[in-house]
Each structure stands twice: as structure tokens, then as C-alpha cells.
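First to last, the protein sequences are chains Y and F. According to the numbering used here, numbering within the first sequence proceeds without interruption in unit steps and concludes at 158. According to the numbering used here, numbering within the second sequence proceeds without interruption in unit steps and concludes at 159.
To be clear, the hints were calculated from the coordinates, so they are not data collected in a lab. Every residue gets a Cβ at the ideal spot worked out from N, C-alpha and C, and that includes glycine. Misleading hints may appear alongside valid ones.
[To be verified] Quick list of the computed label-pair ranges, beta carbon to beta carbon:
| # | chain 1 | residue 1 | chain 2 | residue 2 | range |
| --- | --- | --- | --- | --- | --- |
| 1 | F | Phe125 | Y | Pro114 | 23 to 33 Å |
| 2 | Y | Lys88 | F | Lys114 | 19 to 29 Å |
| 3 | Y | Ile98 | F | Thr109 | 29 to 39 Å |
| 4 | Y | Glu116 | F | Thr117 | 20 to 30 Å |
| 5 | Y | Gly117 | F | Thr117 | 20 to 30 Å |
| 6 | F | Leu95 | Y | Lys88 | 17 to 27 Å |
| 7 | Y | Ser102 | F | Leu95 | 32 to 42 Å |
| 8 | Y | Met49 | F | Met133 | 18 to 28 Å |
| 9 | F | Thr117 | Y | Ser131 | 31 to 41 Å |
| 10 | F | Phe125 | Y | Lys115 | 48 to 58 Å |
[As the list claims (entries may be wrong)] Simulated crosslink set (SDA-like; lysine to any residue; CA at most 25 Å straight-line):
| # | chain 1 | residue 1 | chain 2 | residue 2 |
| --- | --- | --- | --- | --- |
| 11 | Y | Lys71 | F | Ala50 |
| 12 | Y | Lys88 | F | Val86 |
| 13 | Y | Lys106 | F | Ala50 |
| 14 | Y | Lys95 | Y | Glu85 |
| 15 | F | Lys71 | Y | Glu84 |
| 16 | F | Lys58 | Y | Lys95 |
| 17 | F | Lys122 | Y | Lys106 |
| 18 | F | Lys58 | Y | Lys71 |
| 19 | F | Lys114 | F | Pro159 |
| 20 | F | Lys122 | F | Glu69 |
| 21 | F | Lys106 | Y | Thr145 |
| 22 | F | Lys106 | Y | Glu107 |
| 23 | F | Lys122 | Y | Glu84 |
| 24 | Y | Lys88 | F | Pro67 |
| 25 | Y | Lys71 | F | Leu95 |
| 26 | F | Lys58 | Y | Lys106 |
| 27 | Y | Lys88 | F | Ala50 |
| 28 | Y | Lys106 | F | Gln151 |
| 29 | F | Lys106 | Y | Pro118 |
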Amino acid sequence: NAGVMQNPRHLVRRRGQEARLRCSPMKGHSHVYWYRQLPEEGLKFMVYLQKENIIDESGMPKERFSAEFPKEGPSILRIQQVVRGDSAAYFCASSPGMGDTEAFFGQGTRLTVV
Amino acid sequence: AQRVTQPEKLLSVFKGAPVELKCNYSYSGSPELFWYVQYSRQRLQLLLRHISRESIKGFTADLNKGETSFHLKKPFAQEEDSAMYYCALAGGTSYGKLTFGQGTILTVHP
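Sequences and hints are given; from them, build the entire structure.
Below you can see the structure in the form of C-alpha cells.
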């Protein structure tokens with residue numbers, strides 16, 4: 045099992061462009077979580093998804109950010125019209141299901157907005 | 050609202066010395082608490098959780114509800130313990146939705 049895979053590892057975007065971050069969960073995992081880590085801060089929860097469903101998006105900024113986890117393929121975190129303040133490390137985690145199950149983290153995508 | 054505080058951003062000790070990484074939390078319900086570790090150039094991984102009451106790599110952590118603390122301890126630090134340590138709280142039914150502290154960078158000197 046290759047673990048949670050995130051790509052790209054590094055992404056550079058100019059202000060106003062779109063950023064797409066991908067997360068492939070571990071085999072057999074149907075729950076995905078996205079976190080953002082701003083410089084000098086801890087990881088902050090953004091969104092929790094199951095296949096084709098958003099379970100909890102309480103940590104998502106109201107505008108420009110969206111996430112999906114389709115029936116087939118990776119989970120995508122999409123940031124439209126990026127601004128300098130979006131520069132951060134974005135982490136994805138996956139778990140088999142709810143309840144007493146550990147979440148496993150990917151290595152993160154470092155987004156730099158220039 | 051739930052919150053996790055790690056008051057020390059940096060902690061340096063010498064090999065063989067005891068180490069304690071502090072973590073305090075704020076949560077109105079019954080919390081599930083975890084310590085995660087990130088070694089250099091590796092992904093974040095679970096070190097231990099309070100419900101399992103186990104010792105991993107010589108580390109232990111006891112939940113003190115009276116002091117709302119979950120400090121991580123090891124009696125004799127090793128150089129390979131040098132890493133970033135995060136305390137985290139799961140307040141809901143999913144252990145994947147976590148509130149993290151800001152992290153403590155532990156450096157163990159030879």
C-alpha cells in the first residue's frame with residue numbers, strides 16, 4: 045500500500061490563476077480530509093469528504109475554495125483566483141471510515157502564489 | 050470551540066535527558082487526544098493516542114482532565130527523537146477531523 049498520495053508536491057501559481065491539488069487515499073479508504081498549514085501555524089481542518097459527498101466543510105473559506113471526491117479518481121481541492129495569502133502547505137488524510145479509525149496523512153502540497 | 054495549545058515552539062535537550070512536550074486543550078465534551086510526529090522529510094504520522102494508553106518509542110502521554118493537559122514525556126531522549134511534534138484533538142465521531150496545536154520542534158543534541 046503506497047499510502048496517501050498527493051500531487052503535485054510543489055505548485056507555483058500567479059495571482060488570479062487556479063490551483064488544483066490532488067489526493068489519492070490509501071487503498072480501501074473512503075474518507076478524505078483536507079488541512080491547510082499557513083507559515084508558522086499548525087494544521088487547520090478544511091473539509092471532510094466521503095465518495096461523492098461533502099460531510100463537513102466547516103473549515104473551508106466561503107469563497108474561491110471547493111473540494112470534491114468523485115466516485116472514481118482522486119479527491120481534488122480547487123482554489124480559484126489564488127492570492128498571496130493562499131500560499132501554504134495543504135495536507136490530505138484518509139481513513140477507512142468514521143469512528144475509531146486512524147487517519148493517515150499524505151506528504152502535502154506546497155502552494156506558492158507569486 | 051475546541052482549541053489545542055502547545056506553548057513551546059522549540060525545545061532542546063541533550064541525549065539521555067528527560068523530555069516533556071506540553072499540550073493543553075479546551076473542549077466542552079469528552080476529548081480524544083493524539084500526538085503526531087513529523088520526522089525530517091517524512092509525512093505526519095500518529096505517535097500515540099490517549100485511549101490506547103500505550104508507550105510508543107519510549108513516549109507516554111497521560112490525559113489530565115482536571116488540568117486539561119496531555120503532555121508527552123520520555124525519560125531518556127535519543128537523537129532520533131528530533132522532529133516536529135503536534136498535539137491534536139478529535140471532538141467529533143471521526144478521528145480524521147482534528148484540531149491541531151501549533152507544534153513543537155524537538156531537537157536532541159548528542
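Hints and how they fare:
1. Restraint check, Phe125(F) to Pro114(Y): a C-beta distance of roughly 49 Å breaks the suggested window 23 to 33 Å.
2. At about 25 Å, the beta-carbon gap between Lys88(Y) and Lys114(F) stays in the expected band of 19 to 29 Å.
3. Look at Ile98(Y) against Thr109(F): about 37 Å separates their beta carbons, and that is inside 29 to 39 Å.
4. For Glu116(Y) and Thr117(F), the Cβ-Cβ distance of about 44 Å falls outside the hinted range of 20 to 30 Å, so the restraint is violated.
5. The supplied range of 20 to 30 Å is broken by Gly117(Y) and Thr117(F), whose beta-carbon atoms lie about 42 Å from each other.
6. The beta-carbon spacing between Leu95(F) and Lys88(Y), approximately 18 Å, falls within the hinted interval of 17 to 27 Å.
7. Between Ser102(Y) and Leu95(F) the beta carbon distance is about 23 Å. The supplied range of 32 to 42 Å is therefore violated.
8. The beta-carbon spacing between Met49(Y) and Met133(F), approximately 21 Å, falls within the hinted interval of 18 to 28 Å.
9. For the hinted restraint 31 to 41 Å between Thr117(F) and Ser131(Y), the CB-CB distance of approximately 33 Å keeps it satisfied.
10. Separation of Phe125(F) from Lys115(Y) is about 50 Å and conforms to the stated range, judged on CB atoms against 48 to 58 Å.
11. Note on Lys71(Y) and Ala50(F): the hinted pairing is violated, with a Cα-Cα distance of about 33 Å set against a maximum of 25 Å.
12. Using a Cα cut-off of 25 Å, the hinted pair Lys88(Y) and Val86(F) holds, with the two alpha carbons roughly 16 Å apart.
13. This hinted pair checks out: Lys106(Y) and Ala50(F) have alpha carbons roughly 19 Å apart, not beyond 25 Å.
14. With a C-alpha separation of about 29 Å, the suggested pairing of Lys95(Y) with Glu85(Y) is violated against the 25 Å cut-off.
15. Annotation: proposed proximity of Lys71(F) to Glu84(Y) holds, straight-line Cα distance about 18 Å (limit 25 Å).
16. Between Lys58(F) and Lys95(Y) the alpha-carbon distance is near 37 Å, which puts this suggested pair outside the 25 Å criterion.
17. Straight-line distance between C-alpha atoms of Lys122(F) and Lys106(Y) comes to about 40 Å, which puts the hinted pair past the 25 Å bound.
18. Among the hinted pairs, Lys58(F) with Lys71(Y) is inconsistent with the structure: their alpha-carbon atoms are about 35 Å apart, more than 25 Å.
19. A threshold of 25 Å between alpha carbons decides the hint, and for Lys114(F) with Pro159(F) the separation of about 35 Å lies outside it, so the pair is violated.
20. With a C-alpha separation of about 4 Å, the suggested pair Lys122(F) and Glu69(F) falls inside the 25 Å cut-off, and the hint holds.
21. For the given pair, Lys106(F) sits about 21 Å from Thr145(Y) by alpha-carbon distance, which is consistent with the 25 Å threshold.
22. Between Lys106(F) and Glu107(Y) the alpha-carbon distance is near 43 Å, which puts this suggested pair outside the 25 Å criterion.
23. At roughly 24 Å between alpha-carbon atoms, Lys122(F) and Glu84(Y) fall within 25 Å of each other, so this suggested pair holds.
24. This hinted pair does not check out: Lys88(Y) and Pro67(F) have alpha carbons roughly 30 Å apart, beyond 25 Å.
25. At most 25 Å may separate the alpha-carbon atoms for a hinted pair to count; Lys71(Y) and Leu95(F) meet this at roughly 18 Å.
26. At roughly 30 Å between alpha-carbon atoms, Lys58(F) and Lys106(Y) are farther apart than 25 Å, so this suggested pair is violated.
27. For the given pair, Lys88(Y) sits about 14 Å from Ala50(F) by alpha-carbon distance, which is consistent with the 25 Å threshold.
28. A distance of roughly 24 Å separates the Cα atoms of Lys106(Y) and Gln151(F); the hinted pair therefore holds under the 25 Å criterion.
29. A threshold of 25 Å between alpha carbons decides the hint, and for Lys106(F) with Pro118(Y) the separation of about 34 Å lies outside it, so the pair is violated.
When each numbered hint is compared with the structure, violations occur for hints 1, 4, 5, 7, 11, 14, 16, 17, 18, 19, 22, 24, 26 and 29.
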